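Chemist: Protein chains in written order, with numbering that gives the first Met the number 0: chain A, 0 to 79; chain B, 0 to 79; chain C, 0 to 729; chain D, 0 to 224.
You may find that some hints are simply not true.
Below, simulated SDA-like cross-link-like pairs (lysine to any residue); rule was C-alpha separation at most 25 Å, straight line [as the list claims (entries may be wrong)]: (1) D:Lys193 <-> D:Leu152; (2) A:Lys9 <-> B:Asn30; (3) A:Lys77 <-> B:Asn30; (4) B:Lys39 <-> A:Gln16; (5) B:Lys74 <-> A:Ser33; (6) C:Lys381 <-> C:Lys253; (7) D:Lys168 <-> C:Lys253; (8) C:Lys185 <-> C:Lys253; (9) A:Lys58 <-> D:Ser211.
Only some residues are given here: those of chain C computed to face chain D with a beta carbon under 10 Å [unchecked claim]: (10) Ser145; (11) Pro238; (12) Phe239; (13) Lys329; (14) Asp333; (15) Ile394; (16) Asp396; (17) Thr414; (18) Asp415; (19) Gln419; (20) Ala444; (21) Asn611; (22) Phe652.
Since the hints were derived computationally from the structure, they do not count as laboratory data. From a predicted model like this one, the values you see are computed outputs, not experimental measurements. For glycine and all other residues, C-beta sits at the position ideal for the given N, C-alpha and C.
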Amino acid sequence: MKFAVTVTLKKDVLDPQGKVVSQTLKNMGMNNLSQVRQGKFFEIDLKEKDSSKAHNQVKEMCEKLLVNQIIEDFKISKTE
Amino acid sequence: MKFAVTVTLKKDVLDPQGKVVSQTLKNMGMNNLSQVRQGKFFEIDLKEKDSSKAHNQVKEMCEKLLVNQIIEDFKISKTE
Amino acid sequence: MKINKEQIEKHGLKLEEYNKIKELLGREANLLELGIFSAMWNEHCSYKSSKIHLKKLPTKNNIVIQGPGENAGVIDIGDDDAIIFKIESHNHPSFIEPYQGAATGVGGILRDVFTMGARPIALMNSIHFGSPTNKNTQNLLNGVVSGIGGYGNSVGIPTVGGETKFNSTYNENILVNAMAVGHANKNKIFYSKAKGINKPVVYVGSKTGRDGIHGATMASAEFDENSEEKKPTVQVGDPFTEKLLLEACLELMKENSIISIQDMGAAGLTSSSIEMASKGKLGIELDLNKVPCRENNMSPYEMMLSESQERMLIILDEKKEKKAKKIFDKWDLDFVVIGKTTETNRLVLNFDSKIVADIPIRALADEAPQYERKWNKPKIKKNNLNKYDLKKIKIEDALIKILSSPDHSNKSWITDQYDQVVMCDTIQKSGGDAAVVRVHNKNKAISISVDSSANYCSSDPKSGGKQIVCENWRNLISVGSKPLAITNCLNFGSPEKPDVMGEFVECINGMKEACEFLNFPVVSGNVSFYNETNSKSIFPTPVIGGIGLFDNLNKIINMKTKKVGNLIIIVGKTLGHLGQSSFMREIYSANEGSPPEINLTNEKNNGQSILNLINQNLITSCHDVSSGGILISLAEMSMASMLGLKILRPKKFTDLNEYFFAEDQGRYLIEIEVDNLKKVESILKKSNIFYEVVAEVQNDIFELSKTFSIKTEELYKNNNKWFKKFNAIN
Amino acid sequence: MKSSVIVFPGSNCDRDIAVALEKLQFKNSMIWHKENVLPKSDLIVVPGGFSYGDYLRSGAIAAKSNILNEVIKAGERGSLILGICNGFQILIECGLLKGALLRNSGLKFISKNIFIKIQSNKNKFFNKYKKNEILELNIAHNEGNFFTDKKHLDELEDNDLIPIKYCDKEGNINPKTNPNGSLNNIAGIFNKNKNILGMMPHPERMADKTCSNEDGLPLFLSLMN
Ligand SMILES: Nc1ncnc2c1ncn2[C@@H]1O[C@H](COP(=O)(O)OP(=O)(O)O)[C@@H](O)[C@H]1O
Ligand SMILES: [Mg+2]
Numbered sequence: 000m001k002f003a004v005t006v007t008l009k010k011d012v013l014d015p016q017g018k019v020v021s022q023t024l025k026n027m028g029m030n031n032l033s034q035v036r037q038g039k040f041f042e043i044d045l046k047e048k049d050s051s052k053a054h055n056q057v058k059e060m061c062e063k064l065l066v067n068q069i070i071e072d073f074k075i076s077k078t079e
Numbered sequence: 000m001k002f003a004v005t006v007t008l009k010k011d012v013l014d015p016q017g018k019v020v021s022q023t024l025k026n027m028g029m030n031n032l033s034q035v036r037q038g039k040f041f042e043i044d045l046k047e048k049d050s051s052k053a054h055n056q057v058k059e060m061c062e063k064l065l066v067n068q069i070i071e072d073f074k075i076s077k078t079e
Numbered sequence: 000m001k002i003n004k005e006q007i008e009k010h011g012l013k014l015e016e017y018n019k020i021k022e023l024l025g026r027e028a029n030l031l032e033l034g035i036f037s038a039m040w041n042e043h044c045s046y047k048s049s050k051i052h053l054k055k056l057p058t059k060n061n062i063v064i065q066g067p068g069e070n071a072g073v074i075d076i077g078d079d080d081a082i083i084f085k086i087e088s089h090n091h092p093s094f095i096e097p098y099q100g101a102a103t104g105v106g107g108i109l110r111d112v113f114t115m116g117a118r119p120i121a122l123m124n125s126i127h128f129g130s131p132t133n134k135n136t137q138n139l140l141n142g143v144v145s146g147i148g149g150y151g152n153s154v155g156i157p158t159v160g161g162e163t164k165f166n167s168t169y170n171e172n173i174l175v176n177a178m179a180v181g182h183a184n185k186n187k188i189f190y191s192k193a194k195g196i197n198k199p200v201v202y203v204g205s206k207t208g209r210d211g212i213h214g215a216t217m218a219s220a221e222f223d224e225n226s227e228e229k230k231p232t233v234q235v236g237d238p239f240t241e242k243l244l245l246e247a248c249l250e251l252m253k254e255n256s257i258i259s260i261q262d263m264g265a266a267g268l269t270s271s272s273i274e275m276a277s278k279g280k281l282g283i284e285l286d287l288n289k290v291p292c293r294e295n296n297m298s299p300y301e302m303m304l305s306e307s308q309e310r311m312l313i314i315l316d317e318k319k320e321k322k323a324k325k326i327f328d329k330w331d332l333d334f335v336v337i338g339k340t341t342e343t344n345r346l347v348l349n350f351d352s353k354i355v356a357d358i359p360i361r362a363l364a365d366e367a368p369q370y371e372r373k374w375n376k377p378k379i380k381k382n383n384l385n386k387y388d389l390k391k392i393k394i395e396d397a398l399i400k401i402l403s404s405p406d407h408s409n410k411s412w413i414t415d416q417y418d419q420v421v422m423c424d425t426i427q428k429s430g431g432d433a434a435v436v437r438v439h440n441k442n443k444a445i446s447i448s449v450d451s452s453a454n455y456c457s458s459d460p461k462s463g464g465k466q467i468v469c470e471n472w473r474n475l476i477s478v479g480s481k482p483l484a485i486t487n488c489l490n491f492g493s494p495e496k497p498d499v500m501g502e503f504v505e506c507i508n509g510m511k512e513a514c515e516f517l518n519f520p521v522v523s524g525n526v527s528f529y530n531e532t533n534s535k536s537i538f539p540t541p542v543i544g545g546i547g548l549f550d551n552l553n554k555i556i557n558m559k560t561k562k563v564g565n566l567i568i569i570v571g572k573t574l575g576h577l578g579q580s581s582f583m584r585e586i587y588s589a590n591e592g593s594p595p596e597i598n599l600t601n602e603k604n605n606g607q608s609i610l611n612l613i614n615q616n617l618i619t620s621c622h623d624v625s626s627g628g629i630l631i632s633l634a635e636m637s638m639a640s641m642l643g644l645k646i647l648r649p650k651k652f653t654d655l656n657e658y659f660f661a662e663d664q665g666r667y668l669i670e671i672e673v674d675n676l677k678k679v680e681s682i683l684k685k686s687n688i689f690y691e692v693v694a695e696v697q698n699d700i701f702e703l704s705k706t707f708s709i710k711t712e713e714l715y716k717n718n719n720k721w722f723k724k725f726n727a728i729n
Numbered sequence: 000m001k002s003s004v005i006v007f008p009g010s011n012c013d014r015d016i017a018v019a020l021e022k023l024q025f026k027n028s029m030i031w032h033k034e035n036v037l038p039k040s041d042l043i044v045v046p047g048g049f050s051y052g053d054y055l056r057s058g059a060i061a062a063k064s065n066i067l068n069e070v071i072k073a074g075e076r077g078s079l080i081l082g083i084c085n086g087f088q089i090l091i092e093c094g095l096l097k098g099a100l101l102r103n104s105g106l107k108f109i110s111k112n113i114f115i116k117i118q119s120n121k122n123k124f125f126n127k128y129k130k131n132e133i134l135e136l137n138i139a140h141n142e143g144n145f146f147t148d149k150k151h152l153d154e155l156e157d158n159d160l161i162p163i164k165y166c167d168k169e170g171n172i173n174p175k176t177n178p179n180g181s182l183n184n185i186a187g188i189f190n191k192n193k194n195i196l197g198m199m200p201h202p203e204r205m206a207d208k209t210c211s212n213e214d215g216l217p218l219f220l221s222l223m224n
């Protein structure tokens with residue numbers, strides 16, 4: 000079973016990468032850009048048939064390792 | 000208009016981060032994990048009403064800056 | 000299946016070469032065997048176009064422990080200490096993917112050094128980019144610099160210096176040469192030569208993936224199905240694994256269990272296993288089902304030709320296998336016995352219980368073709384600078400223009416991205432004439448410098464080859480060290496072109512002459528041919544990496560002027576040679592004339608006298624005069640300390656530009672105390688060396704009497720603006 | 000004094016800190032991350048480097064190691080803990096210190112000598128320095144951009160929990176003298192009890208006159224005080 004996890008910085012946390020990327024894009028002429036925020040993406044492949052069990056497990060992975068909940072939020076979606 | 004872009008390493012490209020993350024999760028007891036691959040995630044906010052125009056523009060951003068197409072693939076989806 | 004013409008060509012082999020393969024095998028090769036031959040017989044592994052010329056270089060003297068022929072060169076620096084070092088190119092991968100290309104270049108050269116038992120203590124690099132106005136340059140520069148830093152910083156080896164140059168000749172073909180220097184106990188050096196029969200062949204490090212498998216082979220019939228899945232991929236570096244591999248190997252080396260060890264570099268498992276067997280005059284048998292693989296369904300062809308990084312092959316004492324495995328387990332690295340040494344003198348590969356390749360080792364290693372390629376003697380450009388009216392150029396304008404040019408501008412934008420001091424033994428960082436790194440825990444240090452001069456070499460390859468060795472020697476002397484030996488990376492166009500081959504041959508002739516005269520042997524190196532795009536070759540660019548020794552930490556000096564009132568003396572004669580100078584390039588965009596000639600006798604005499612003065616504590620700072628001439632070197636000394644200089648007008652020269660920007664060779668600027676003038680003069684006179692006082696150290700102001708006056712701070716600003724401006728576009 | 004330096008795969012300033020500690024006669028032991036017990040020590044150092052390659056988030060994976068449980072317990076008992084650079088990142092990831100270390104605002108690895116100003120010397124780590132003393136130390140990091148919420152920032156500022164801030168040679172603390180975008184130029188922070196210090200600059204790199212200055216030495220001397 001495959002999951003996609005996106006991890007993004009919380010709204011009030013400064014995002015130095017996103018800021019620089021968005022400035023660069025504007026310098027490249029993308030004037031209608033209002034903002035870019037950068038985060039992380041994980042593809043997680045589990046040998047587990049029970050989808051709610053699997054989902055819980057991915058959630059646990061996020062909480063215990065993948066995400067620093069002080070500054071980051073995450074979203075899980077099942078892809079396969 | 001908001002877009003989500005996920006950038007992932009191509010299939011046969013070594014993913015040192017994913018490797019270490021997946022080993023760590025296994026060490027933490029997640030035995031049914033088969034693999035984790037790590038990528039990047041961008042939230043892009045555009046002041047643009049025409050959705051196909053906007054989509055093309057995000058694609059251009061990917062090709063010109065956000066993605067290194069020699070080792071990475073990307074996917075764009077509209078979120079708002 | 001019979002190998003067809005197309006497959007042969009796609010493997011970069013000539014038809015005659017394949018015929019020779021058939022003869023050596025006594026039959027047709029299969030595709031795997033063809034792949035193995037093509038890897039071993041290509042230019043990169045076999046040095047087929049360069050070998051006969053490289054042989055001319057001096058490679059031995061009483062301090063050389065190991066010259067070319069091993070993973071890196073080894074020299075003796077007294078006591079039980081040895082220095083192991085080499086430079087290598089990663090040009091093409093860096094042009095395709097600058098970050099990963101440069102990063103894996105650093106990783107590869109580090110492995111060459113630690114396979115031999117050395118703990119790496121310093122990294123250097125020489126990077127050449129196209130014109131700053133070329134649309135790719137900024138991106139390539141950013142990627143390469145962060146790749147070099149990204150790898151070295153993570154492994155924890157200080158990157159202590161290098162050189163960065165720009166020239167449109169590299170627009171479509173940048174150069175990324177990385178050098179690693181390590182320290183070892185000279186009684187514990189490890190070589191690649193296998194010994195003993197039935198010894199386990201152990202694979203350690205990362206798993207094998209489909210990285211960098213020769214793209215050409217993709218069209219071959221066998222791979223048509225699933226071709227998407229089997230596309231070759233760029234190598235991605237994993238500095239974390241490299242660090243583990245480094246520590247694990249050094250830990251294993253403390254025991255007496257390694258018979259021989261070899262990193263898997265270009266052509267991975269193929270070249271490493273064959274090299275070990277060939278040097279030991281043995282055979283080797285591998286069971287490919289045991290090779291740790293990263294992807295499913297990897298074929299023997301892919302395993303043998305993969306260039307996955309961070310892997311090593313070790314031949315072990317079979318009694319020590321368990322203990323060795325424990326070490327690699329501790330570091331979470333793969334450790335798998337994948338084969339054994341045999342007495343058959345053949346490479347035998349088994350896969351799925353079948354023999355899939357069986358080739359005499361000799362055929363792969365010793366029978367590789369050697370070519371004496373046709374070469375044309377290069378035409379030397381004559382000096383023809385009369386048409387330029389130097390009088391029209393104001394000297395202070397030229398000074399500022401050169402100082403703020405890309406080649407001369409301060410490189411801290413780059414070096415601030417490199418950890419230069421991790422390991423806490425860096426005595427002199429980049430920015431000086433040579434980097435200085437202490438031998439850990441000892442009262443001695445080594446100096447390192449990397450140099451090239453493509454402009455000189457392109458206008459006169461022989462003179463340029465000589466010059467670059469001398470410049471390197473001079474840089475090592477300028478910090479107070481005794482030059483010991485060099486490594487070199489020869490970056491050229493296609494050897495199949497007689498003009499390029501001519502440049503190559505003459506560069507080597509020049510290097511040979513200088514190395515012999517200076518007793519400065521070549522102990523390792525690398526040749527990178529085919530640096531061309533759309534059949535336009537780059538300038539011939541030999542890069543020299545030299546090592547010097549301080550047997551005592553008190554003799555280290557730098558180029559920072561020390562005290563107001565001290566005098567600056569120029570040692571060595573100024574003739575006013577402006578051909579191929581920075582002045583001509585920056586002011587007139589002219590690439591004309593011949594480079595300055597080298598007088599080896601003066602070179603040696605001047606250098607030895609400088610060392611002599613340093614040893615007698617008569618010099619407070621020193622800087623060699625190179626690109627840009629006297630005035631630029633004086634400005635560099637001034638900016639290093641932020642003290643000013645009062646410069647004197649020369650007595651004999653009518654043209655100031657000629658005197659101050661000429662690039663005559665063999666010259667040094669030294670700072671001395673006024674009280675020591677007599678002593679210094681008598682030593683220089685006794686050695687028959689031309690010298691004159693050129694300046695006096697003062698506060699804040701950099702001035703030439705009756706001509707111009709600039710604040711040193713102003714010089715500094717101009718020297719520091721280019722990179723920031725260039726990268727601000729980002 | 001006894002010290003323990005924790006070594007993770009990818010640590011690379013472990014030898015450097017050991018050399019500095021031993022120079023000052025600390026009896027030092029190197030502790031591999033897989034260990035389950037920590038020898039009794041007066042000082043625990045989590046050194047700099049790239050533990051686990053800085054993969055995922057700097058320090059995140061090291062924070063999950065066996066030995067960290069022991070470090071946490073020791074910290075809670077009041078032992079002195081010093082986290083330098085990657086060590087600071089690890090102390091944050093394991094929760095011994097609060098806040099976050101983000102990517103440098105310039106998005107580049109920065110390695111150079113910088114200046115810091117002593118904000119407070121009434122603690123175990125800086126008592127051999129004078130208040131407002133300016134030191135030249137070396138930094139080398141990708142992620143040293145300290146960030147935290149307003150409440151925590153106030154708590155840090157109000158309770159003397161920010162011992163060092165980035166400045167210039169003259170001691171000016173402002174955005175221009177901030178190398179990495181760190182909030183209020185913060186170069187290091189304490190926990191509430193001031194027994195745990197995390198700092199980005201490397202004091203161990205400034206402990207030997209031959210290679211640098213000795214501005215880092217008083218920190219180790221303070222610890223012995
Ligand atoms: N320009 C050169 N000068 C001296 N030695 C060289 C030169 N080029 C290559 N060599 C030597 O030839 C051998 C093979 O080089 P190379 O294939 O680059 O080694 P590796 O397989 O370790 O990368 C090495 O011992 C190297 O030092
Ligand atoms: Mg090698």
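Chemist: Decide, hint by hint, whether the structure agrees.
Modeler: Status of each hint after checking the structure:
| no. | hint | result |
| --- | --- | --- |
| 1 | D:Lys193 <-> D:Leu152 | holds (15 Å) |
| 2 | A:Lys9 <-> B:Asn30 | violated (31 Å) |
| 3 | A:Lys77 <-> B:Asn30 | holds (19 Å) |
| 4 | B:Lys39 <-> A:Gln16 | holds (11 Å) |
| 5 | B:Lys74 <-> A:Ser33 | holds (20 Å) |
| 6 | C:Lys381 <-> C:Lys253 | violated (58 Å) |
| 7 | D:Lys168 <-> C:Lys253 | violated (46 Å) |
| 8 | C:Lys185 <-> C:Lys253 | holds (13 Å) |
| 9 | A:Lys58 <-> D:Ser211 | violated (48 Å) |
| 10 | Ser145 | holds (7 Å) |
| 11 | Pro238 | holds (6 Å) |
| 12 | Phe239 | holds (3 Å) |
| 13 | Lys329 | holds (8 Å) |
| 14 | Asp333 | violated (15 Å) |
| 15 | Ile394 | violated (33 Å) |
| 16 | Asp396 | violated (31 Å) |
| 17 | Thr414 | holds (8 Å) |
| 18 | Asp415 | holds (5 Å) |
| 19 | Gln419 | holds (6 Å) |
| 20 | Ala444 | holds (9 Å) |
| 21 | Asn611 | violated (24 Å) |
| 22 | Phe652 | violated (40 Å) |
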